[in-house]
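Chemist: Using the hints provided, position chains B, C and D relative to the given structure of chain A.
Residue numbers (our numbering), protein chains in the order written: chain A, 1 to 243; chain B, 1 to 243; chain C, 1 to 243; chain D, 1 to 243.
Keep in mind that a hint or two might mislead.
Note that the list lumps identical chains together, so a pair holds whenever it fits in one copy or between two copies.
[Said to hold, decoys possible] Below, simulated DSSO-like cross-link-like pairs (lysine-lysine); rule was C-alpha separation at most 30 Å, straight line: (1) K65 <-> K167; (2) K65 <-> K28; (3) K128 <-> K167; (4) K128 <-> K28; (5) K90 <-> K167; (6) K28 <-> K167; (7) K23 <-> K128; (8) K128 <-> K24.
Hints are computed from structural coordinates only; laboratory data are not their basis.
Here the structure is a predicted model, which means the values were calculated and not measured.
Residues per chain, in single letters:
Protein chains: 4
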Amino acid sequence: MAENIRVTVWNEFRHEQTDEAVKKVYPKGIHAALADHLNAQTGLQAGTATLDEPEHGLTQEVLEKTDVLSWWGHTAHGDVSDEVVRRVQKQVLSGMGLICLHSAHFSKIFRAMMGTNCSLRWREANEKERLWNIEPGHPIAAGIGEYFELPHVEMYGERFDIPTPDKVVFMSWFPGGEVFRSGCCWERGHGRIFYFRPGHETQPIFYDENVLRVITNAVRWSAPRVRMSTDDAPNVEPLEPLA
Amino acid sequence: MAENIRVTVWNEFRHEQTDEAVKKVYPKGIHAALADHLNAQTGLQAGTATLDEPEHGLTQEVLEKTDVLSWWGHTAHGDVSDEVVRRVQKQVLSGMGLICLHSAHFSKIFRAMMGTNCSLRWREANEKERLWNIEPGHPIAAGIGEYFELPHVEMYGERFDIPTPDKVVFMSWFPGGEVFRSGCCWERGHGRIFYFRPGHETQPIFYDENVLRVITNAVRWSAPRVRMSTDDAPNVEPLEPLA
Amino acid sequence: MAENIRVTVWNEFRHEQTDEAVKKVYPKGIHAALADHLNAQTGLQAGTATLDEPEHGLTQEVLEKTDVLSWWGHTAHGDVSDEVVRRVQKQVLSGMGLICLHSAHFSKIFRAMMGTNCSLRWREANEKERLWNIEPGHPIAAGIGEYFELPHVEMYGERFDIPTPDKVVFMSWFPGGEVFRSGCCWERGHGRIFYFRPGHETQPIFYDENVLRVITNAVRWSAPRVRMSTDDAPNVEPLEPLA
Amino acid sequence: MAENIRVTVWNEFRHEQTDEAVKKVYPKGIHAALADHLNAQTGLQAGTATLDEPEHGLTQEVLEKTDVLSWWGHTAHGDVSDEVVRRVQKQVLSGMGLICLHSAHFSKIFRAMMGTNCSLRWREANEKERLWNIEPGHPIAAGIGEYFELPHVEMYGERFDIPTPDKVVFMSWFPGGEVFRSGCCWERGHGRIFYFRPGHETQPIFYDENVLRVITNAVRWSAPRVRMSTDDAPNVEPLEPLA
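Same shape as in the complex, but just chain A:
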């Protein structure tokens, strides 16, 4: 019997405590909303961690028991310690999955994994988003039709400053005239990384059926295939006799 995939849902968890509009949509925090959903899925078990816990809740011990880490940050990227970022990066290179949601495009961990600035253009106008599924065979798109829509979102538009993704699974259309690579896959070290555009603190995006399906699929897709450090640079003996 296969073991559960252990997810740690990380959340900055600041504006849910200070902003009534956010609190109203996510009373227990975005992390709780996501973890509740994931815990209801077969084969997944989710815990949470937040910025203001010691070591942001991401001790070495926690990370070693985490198969997939999902990340939401928005207003306090700079408060995340560089040491924790390095620790998370090392785990991703060692095989842990990483899912970065919406405003996490500007998180330290996403930028460290990408090597780029991850900038984009944006607008808050509660406009619609249509996400085209351009890789229907990709596991992250399982159960998603030709496209799906979100009625009210913050817009993110290109150019998105990322390395060319291995696969772009979703491409977004916005009524204001922009497009965006909204579901992007990379592999780094032995780990898999998925960036997913939807999500907002004042919109119930993380209750949307399709959004939750994609995140759930992404958890399964990014679960470790292997767990192995990439730290060693061994001095090795020749395998063949040298002249």
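Modeler: Here is chains B, C and D on its own, set in the frame of chain A:
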């Protein structure tokens, strides 16, 4: 008339001053050997910068006048300041070319651009290396035949912990039984990055005709196509009327 | 002094002769409009070839003197002989550039180079298209701003059945709600291939300043870096003594 | 309970009937050796098809019941009908997996999927091969160590004329001085393709434990994620009101 490509050849420049074996091969330093060669090429002009200069010789002003930065580091990667690394990274994302040579696989700047650990296996046994040219149409391989050989090298073997390159131009064969992706291309932001395996401080690798040809080609290939910051994340107005 | 890049502009050249609406926009044919523009550019010289010429105007001799072949086909893809397609494919693999325009997505040569079906969704409603420039550093985007618009086009929407491109230079937005990978780059053998979405027989797309700029850039980008057959599979002697 | 993955092992099956050396190693044919192994694996069921059966054993009905097709051809690539090749290609684009073994690099189906010539250099000298595992996290490398060796093989060396693979899982070293991309992954349409270098008609390669493990892994990896035609190019209505 096209302007010259301005190269800054960066060198740690430590073992040339302390180690007689190195000093004998590169009496003025690896940087001087490379810059001398590049300055003899049509359309190129090369300056140098070294670790122990103020700000490692890589002030904002120097970087803004640099089209392509080549990097050699070996024993003192940790002495490079994080601030200078961030400054260089920002310039690469803005369009400056970056060429990382041999032991620069473990430099802070290469790891920051890659997002991976860049580990590999290695051996110093003065064995031969044969570099197969698997992309003869690539500008970096211009003038190189089906393969070229270096008689005495330090071996680097796979697995090399890098993101899958956009193009692998050279693949190396070693008599001790290893293989290696020896000439690798990436694009990050608006900049181009080339990693080239050959090079050693106690071997005259940087006087080899083919090695110099590849480095010269890589300078031309990685010269900026555009010079434009990726820092901005503008809040934009819709281009189409919103309902 | 560099030699000119020799372009052959291929056109089906059927509906210009039978359809008044097309003839009115392209009285001498789409090929003539494109060739006239290219011949006015520094360093380029363009000839033409059409379906109803012997061997479709694409004899071995013509192809060997062609650096870049651009292709327009629409209603008569099936009339192109398989032998000529194989001949063109071989030249692309040997280093000749190939630019496929708009409805050439369904041409035999594009499908042969891609290995996929190259299907897409489409609509003729004379709607607007906005092409976002997501690779401003790419030579094909030189001189193009953040986006450009075409007032009246035939819409092409995803999913476009193509291999993941090496680079997507342009992504299109359509008011009807679709998105499209509109400028796509691949390398096959020693040759470079560019697919460009804009173009229509009853709209003056091929007189648009930005469209012509992109096509001109694509000609320069896809010009041969090397001209070398990939046919040989030589039986070779070992380079090292075998035990 | 998950259904079995249905494999069809295709074999030219000519030299096993005419050449005593081949018959001795594979008395029932290479296809039978592979199918026997696959049928002994949990969750797999394998049938066979050969060149001299009607329609080469690859009727539409057979293909529709095939999840993964493995292909061995060597001396009679030209005897495979173009119609069957098109039929197989369409099934791959619709989601069926395809595994091409050794000399199938020159098969019509592999070349049609790649769009390239797939040439390489080769030598029959019964030399050793060491396959380095450069993607230990990839499902196809599951259970394989840092490298594995085959004592007596036909050598294939670069340049291998293929589109840059999505992933190179194995890179080979040969004592005669060559290297090779020996395990290569692509996606085309909704289907997955794996090329695996090892295999020879007069060597017991297809009884080797590691080779069989890789092929078994590749079957699981390339099993359809979705089964859906890419044929349609629908004329669609706008999803948003046009002005």
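Chemist: Work down the list of hints and note, for each, if the structure agrees.
Modeler: We went through each hint and held it up to the structure:
1. K65 <-> K167: both (28 Å within a copy, 28 Å between copies)
2. K65 <-> K28: For K65 and K28, the Cα distance is within 30 Å only inside one copy (24 Å; across copies 49 Å).
3. K128 <-> K167: both (24 Å within a copy, 28 Å between copies)
4. K128 <-> K28: within (26 Å within a copy, 44 Å between copies)
5. K90 <-> K167: Intra 23 Å, inter 22 Å, cutoff 30 Å: intra and inter.
6. K28 <-> K167: Answer is neither: 34 Å inside a copy and 42 Å across each miss the 30 Å cutoff.
7. K23 <-> K128: within (23 Å within a copy, 41 Å between copies)
8. K128 <-> K24: within (21 Å within a copy, 40 Å between copies)
Violated hints amount to a single one, hint 6; each of the other numbered hints is respected by the structure.
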